[in-house]
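Colleague: Below, each chain spelled out in residue letters.
Number of protein chains: 4
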Amino acid sequence: MTPKPELTATLLFSCPDQKGLVSRISHFLFERNGNILDLDEHVVQEEKRFFLRICWDMKDFTLSPQATIEAFTPLAKEFSATWQIRFSNQRRRTAIFVSKHGHCLQELLWRHSLGEFDTEIVLIISNHPDLHPLAERYSIPYYVFPITPDTKVEQEKKELALLQQHNIDTIILARYMQVLSPQFVEKYPNQIINIHHSFLPAFVGSNPYKQAYERGVKIVGATSHYVTNELDEGPIIEQDIVRISHRDSLDDLIRKGRDLERLVLARAVRLHLEDRVLVYGNKTVVFE
Amino acid sequence: MTPKPELTATLLFSCPDQKGLVSRISHFLFERNGNILDLDEHVVQEEKRFFLRICWDMKDFTLSPQATIEAFTPLAKEFSATWQIRFSNQRRRTAIFVSKHGHCLQELLWRHSLGEFDTEIVLIISNHPDLHPLAERYSIPYYVFPITPDTKVEQEKKELALLQQHNIDTIILARYMQVLSPQFVEKYPNQIINIHHSFLPAFVGSNPYKQAYERGVKIVGATSHYVTNELDEGPIIEQDIVRISHRDSLDDLIRKGRDLERLVLARAVRLHLEDRVLVYGNKTVVFE
Amino acid sequence: MTPKPELTATLLFSCPDQKGLVSRISHFLFERNGNILDLDEHVVQEEKRFFLRICWDMKDFTLSPQATIEAFTPLAKEFSATWQIRFSNQRRRTAIFVSKHGHCLQELLWRHSLGEFDTEIVLIISNHPDLHPLAERYSIPYYVFPITPDTKVEQEKKELALLQQHNIDTIILARYMQVLSPQFVEKYPNQIINIHHSFLPAFVGSNPYKQAYERGVKIVGATSHYVTNELDEGPIIEQDIVRISHRDSLDDLIRKGRDLERLVLARAVRLHLEDRVLVYGNKTVVFE
Amino acid sequence: MTPKPELTATLLFSCPDQKGLVSRISHFLFERNGNILDLDEHVVQEEKRFFLRICWDMKDFTLSPQATIEAFTPLAKEFSATWQIRFSNQRRRTAIFVSKHGHCLQELLWRHSLGEFDTEIVLIISNHPDLHPLAERYSIPYYVFPITPDTKVEQEKKELALLQQHNIDTIILARYMQVLSPQFVEKYPNQIINIHHSFLPAFVGSNPYKQAYERGVKIVGATSHYVTNELDEGPIIEQDIVRISHRDSLDDLIRKGRDLERLVLARAVRLHLEDRVLVYGNKTVVFE
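Residue numbers (this note's numbering), protein chains in the order written: chain S, 667 to 954; chain W, 667 to 954; chain F, 667 to 954; chain E, 667 to 954.
Honestly, I wouldn't trust all of these hints.
Copies of one chain are not kept apart here, so a pair can be met inside one copy or by any two copies together.
As the list claims (entries may be wrong) - Taking lysine to any residue pairs in the SDA-like style, the calculated list, with each CA pair at most 20 Å apart, reads:
| hint | residue 1 | residue 2 |
| --- | --- | --- |
| 1 | K922 | Q772 |
| 2 | K685 | D706 |
| 3 | K714 | M724 |
| 4 | K922 | E940 |
| 5 | K670 | V709 |
| 6 | K853 | Q821 |
| 7 | K922 | R933 |
| 8 | K922 | L939 |
Rather than coming from a laboratory, the hints here were simulated on the basis of the structure.
Please read these numbers as outputs of a predicted model, since none were measured by experiment.
Taking the hints into account, I'd like the entire structure generated from these sequences.
Modeller: Pasting the structure below:
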């Protein structure tokens, strides 16, 4: 196998479409001796908006990470772009929120232990103590913040303080059964990833398997999306489905859905951590 | 290959669950020298309701079709069953309703020509003349009933008269873009099969691909269901999906969806024509 | 939800097809006051062979388990049937064989802890010590039998002795990288379940992902089957696939395949443990 | 919707990987006022080979098509590239080969009539007269060249003459049941698209459904690939699968497979016609 490069950079970039964007940006890298490892671009025609992801090898690149960002800023400004460059040695710092269902948490921790996720999982927050043993098994600190309607505002403040103290930049809701307040969500725009156990926009809200069972659908789904202030309405990152039949009881739906939730959330998390997702409006461009 | 039996009978049967149902019914057939070719049963536990489909060979059966029904009636009454027995020489008589999109109609006519559907396709009704040439190619009579809000009641009456005159018992809405009135629907309970171009219950109503495109889903679907008076709310027979990405324009969704609609409708029609679908409440038991 | 019956019986039955089989068998149960919970039958037409699975509630049944088997034996003999009746309080006793890859083992143990598998997992056997900690986490005894070409015969004898001592009746090869000898396999006919990491019969043998990568396929698969003396040729229980593209490296195939192996093996194990699989020749009837 | 550009160009390009490739090529276009509509690149790491597809709008481009190719040639030479530029007004000229099964031909002709394929379908060649009526319906000339072992060499020569006379550049084998000779195949390298009715490399050769049925697989597939001199071994463009069960007879496999063949071949043809497929060795890069 080819050895992995030691240090890479990944640019996510979007701006109004115009001629010469690829040329200018790839030239910027070429001039500085950057070797492009991966490049994806897309133009949303209705909105004439350009999206780009470039990953390059920093070996032999003539600029340091810091200098790279400084050098790129004027170019990005010229194109009125929204952009970020992340270097592979800047690992994301992730917090996972859970309630009582452990399957998504276990899946994430197991995959992380195999090296599938390029992040540090710094801590786990829950409104229940139930999954503490699972967290311990993987030696991840586990904090319990019980939530009632009365204490919610207060508890969220404590959670935010904890997250800031640990420089968390990515939050995964792994079947966290609380709705986060707008004050919380606005602190992490497009950085909170949720798994909803239905094929959105079907079966928004609570008990989607029950809703699906009662409607008599022949397929159930799961959807991973960024959290916004509209419940289950945020930009969708990934979805998948599984067939069911009249033979499946509600319990069977829950069991089959469990497998789906695990896989869909894991895929979305991986796409996010590899900087493959760009959000525009309420939609995503996913460069797989 | 094994030769197909000349004459078969198919019983669809549902009743409150109780002990001895399979024994009594299979004994009924055994006594009369019937050879069971296929048997499926299911009990919906919450409702304690029993569903059965039995298909048997009429060769060597000691009763004629007419006598079979007479002999079975008291047994069915004893169990307070909803039931039907159809013999393979009683081909269903089908009408297809279309508007301007020809892909579903073409798929149905082509499959019919290959012998996939055990029915006579008696006639095609449309509110537009556009698909007349396609109907002609397969030598099926094509009737045009233009519909406006003002003429709808009148035209539906004419359509119903035509259907009755031709002893139609099955209606397929192959992208028919009109909503049938309750007066029409009640004449054909669980006999009108529709294809909706979304993964119901997501994207009810018009322009589902546009709705899907704007929501930014990663999967689109199609749903075939029996028509009831609630728009797109009838019992679902079959669903399927196809993955999409940000690269797919609205036109691509329509193109990919076209393939899905064809297949999902064809599968639902086949299931219905083979007497594999039992309706209860707003759900179906599909014995595949 | 409906409460689960306390004690149930499941009959798996196959014999040359003839009239009256369902009637005779269902009558046998009805006479003894058995309530059928689930019934599936199938006839393989080319071979005129009949397959049946019936599950019934033992509550109110007039015979004890022992007496049930005695009473059923003459009926089965009359039809020259191959059959078994298992009662829900006779839990299967399972051994899992592993080498160094832990993902399948972890999946099985986790699902077992959730109650998805109706068996006791009695012990784990490996030719390597690597997965001992995982076994310990679930408190399952873990035995290491290192295998070399020279010691294989000897070691298999010890393994067999251990299995017999613990009354093992089901063996799962969860990525066990050794080929079992014919002497071993014949002790457990259709009781050893393997997972092969390809879409059989494509890519038999070792390194199937490498074979798939080099062939340039657009889909990879996994296959769970019963072990016979022909390598990767046993009766297939379950298969599934995942799409890949030119973007996927061999490492990506291995990663994506890992998810597939876990799910396919888990489904096959569940089907086997619920007595849903009947083998004939080199094929299976799977009553889902 | 955004209006489609009047004239576009598509470059397919591959060469040994090196720094600056994207920059140099995108700069070439930018200098000449080309607006990039779509760009995809990929590097096969093991072979250090670079693959690129760029599609750009020729409106405002400063060079004519002819001049574009002249200007690009030195650049391509410098990189030792394999390449082609095709302009959207140079429609491919396609011949379809068939035997007696009409489903793939009908699918292709129907999709072509909807505008899904950017090609002229110039003629149809068959070794049997059966599908002449279908060809007539779409007004495509249909030529019959009966093939026997004795006449094969002779007939292929006549076919080749016909193809050359009509400037055919793309050949689709839509269930053509003859193996083309090496002399034939070498005239159209990576320009002959075949559909094989199995999940290659499983079930090479004749009667794959029968092979699949006898092996007892739970999934059947279809594979579209470029034809080479190794039977069913050419570079794979597209594959897909459908689930089957013990309930499916060989006839059912053939019926379900028919749907699959149609879709898989249609997808592969579309990918080829849109210049989305690059071949290297026996594999493909498919820029979807």
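Colleague: Against this structure, judge whether each hint is valid.
Modeller: Hints, verified against the model:
no. : hint        : verdict
1   : K922 x Q772 : both (16 Å within a copy, 18 Å between copies)
2   : K685 x D706 : both (16 Å within a copy, 17 Å between copies)
3   : K714 x M724 : between (31 Å within a copy, 18 Å between copies)
4   : K922 x E940 : between (28 Å within a copy, 16 Å between copies)
5   : K670 x V709 : between (30 Å within a copy, 14 Å between copies)
6   : K853 x Q821 : within (15 Å within a copy, 59 Å between copies)
7   : K922 x R933 : both (17 Å within a copy, 10 Å between copies)
8   : K922 x L939 : between (26 Å within a copy, 17 Å between copies)
Consistency note: the structure conflicts with none of the earlier hints.
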